[in-house]
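J.: Taken in order, these protein sequences are the chains called A and B. In terms of this note's numbering, the first sequence is residues 1120 to 1225. In terms of this note's numbering, the second sequence is residues 785 to 1052.
Since the hints were derived computationally from the structure, they do not count as laboratory data. For each residue, glycine too, the CB sits at the ideal point set by N, CA and C. The reader is advised that the hints may include incorrect statements.
Claimed, not checked - Covered by chain B, according to a simulated footprint, are these stretches of chain A (three or more residues, beta-carbon under 8 Å):
(1) 1127–1136
(2) 1146–1155
(3) 1170–1179
(4) 1187–1197
(5) 1213–1221
What the hints assert, rightly or not - Restraint ranges, calculated between C-beta atoms of paired labels, are given here:
(6) Val-1029(B) <-> Phe-1126(A): 38 to 48 Å
(7) Tyr-988(B) <-> Leu-1141(A): 27 to 37 Å
(8) Ser-1010(B) <-> Leu-1153(A): 20 to 30 Å
(9) Glu-1007(B) <-> Leu-1128(A): 46 to 56 Å
(10) Val-895(B) <-> Ala-1125(A): 18 to 28 Å
(11) Leu-1163(A) <-> Arg-987(B): 41 to 51 Å
(12) Ser-924(B) <-> Leu-1209(A): 34 to 44 Å
(13) Arg-861(B) <-> Pro-1130(A): 16 to 26 Å
Spelled out from the first residue to the last, the chains are:
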Amino acid sequence: MIGEGAFALDPLIVGTILAMALVTAVTKVGGFWLLRRIDVSERLEAGLSVLPGAIVIAILGPELAAGGPAEWGAAGVVLLVMWRTESILLSLCGGVGAVVLFRALI
Amino acid sequence: MTEIDGSAPDSSPVPGPGESAGRPSDEQTEETRITADDESEAVTFDREGIRAGFLTCLPVAIGVGGYGIAFGMLARRAGLSVAEATLMSATVLAGAAQIVAVELWAEPIPVATIVLATLAVNLRYSLMGAALGPWLERLSALRGYGSLLLMADENWALTMRELKSGSGRGAFLLGTGIAMWVFWVGATIVGAAAGGAIGDPTRYGIDFVLAAVFVALAAELWEGRSTLVPWLVALATAVLAAEFVPGQWYILLGGFAAAAVEVVRYDR
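Sequences and hints are given; from them, build the entire structure.
T.: Rendered as structure tokens:
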């Protein structure tokens, strides 16, 4: 299927892609870079310490809210498997399997 | 285990659990290790950590590969060549931003819009990278920043989990990042070359991989009642913002709102 244009590299497209790469790199290292340079008070540290969980919930909440019973049920399966086995791999397989099953059933 | 390792002043390679237990290490290394552990949780950077990260991330990376195929097809449809789509996956490595970008793609290319959208979608990485700070700041700058460049949502989650468990594997992010990169780039090539031949990823539940990883991580990060208030704040803010604010700002808003509430509550 690889036609003539498959290996084409248009300068403007490459430039756009590299600009995207640069901006992304800045976001990836920026927070860590800033944190190393400023004096973090204990108060601010308490706020930062809840960030990981809060980001997880902030990504997850709307995603699950946009889903339906199949996704909610599968999320429940992930929680259950995680709680019983503490294995990310088993939870992942259980969740993906459950979502396929529930979508077929519902 | 005897490779050159300049990560720590004491060059004792800390063995992983259940590994190289039979090696008769002299008491001196044993002693240095204990003191290092004592002052703070020691953070290593070795091949074992990269390996552990790579293997842990492998099943997740395979799932992410499903998205990569979808991205490759979308990119091709938007008018990018296989080489250009591959270049984007290899250098940007940020699934959501890349899919948004190819959806914005048009003729002539709206460069400023695409780059701004990339920034908006990826700003969450700054918060995520900052959350890894306590461990990364004990590595050299090259290792810390280099690992961060390979950070994406899924492997950030796995790395957070690993480091919070106290394993001290500083190279874990790099290992997971390599797995992500290989599958993301490989899948992009497959998707872009195949064009529109493959159906949508929802049929195999691949679209649920990210949610499943994050549910598992949430279970892991739960610390009892002290977690409840910030999480409820994050949840309410994010769900409302997702409804009323365009784009992906809800992630940042949810994170910031929770952190702000915690800062205010600090004196109590």
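J.: Would you mind marking each hint as holding or not holding in the structure?
T.: To see whether the hints hold, each was checked on the structure:
1. Interface restraint, the region 1127–1136 of chain A with chain B: holds (9 residues with C-beta to C-beta distance below 8 Å; minimum three).
2. Using a Cβ-Cβ cut-off of 8 Å, 10 residues of the region 1146–1155 of chain A lie near chain B, which meets the minimum of three, so the contact claim holds.
3. For the region 1170–1179 of chain A, the stated coverage by chain B is satisfied: 10 residues place a CB nearer than 8 Å to a CB of that chain, which reaches the threshold of 3.
4. Taking a C-beta to C-beta cut-off of 8 Å, the region 1187–1197 of chain A contributes 4 residues in contact with chain B, enough for the three needed, and the coverage statement holds.
5. Counting residues of the region 1213–1221 of chain A whose CB lies closer than 8 Å to any CB of chain B gives 5, which reaches the minimum of 3, so the coverage claim holds.
6. At roughly 40 Å, the beta-carbon separation of Val-1029(B) and Phe-1126(A) lies within the given 38 to 48 Å, and the hint holds.
7. In this structure the hint that Tyr-988(B) and Leu-1141(A) lie 27 to 37 Å apart at CB holds, the actual value being about 34 Å.
8. One distance hint, 20 to 30 Å for the beta-carbon pair Ser-1010(B) and Leu-1153(A), holds here, with the actual separation near 26 Å.
9. Remark: the range hint 46 to 56 Å for Glu-1007(B) to Leu-1128(A) is upheld by a beta-carbon distance near 49 Å.
10. A hinted range of 18 to 28 Å holds for the C-beta pair Val-895(B) and Ala-1125(A), which are about 23 Å apart.
11. Against the hinted window of 41 to 51 Å, the Cβ-Cβ separation of Leu-1163(A) and Arg-987(B) comes to about 46 Å, which satisfies the hint.
12. A beta carbon spacing of about 35 Å between Ser-924(B) and Leu-1209(A) agrees with the range 34 to 44 Å that was offered as a hint.
13. Between Arg-861(B) and Pro-1130(A) the Cβ separation comes to about 22 Å, which falls inside the hinted range of 16 to 26 Å.
The structure fails none of the hints (numbered hints given earlier).
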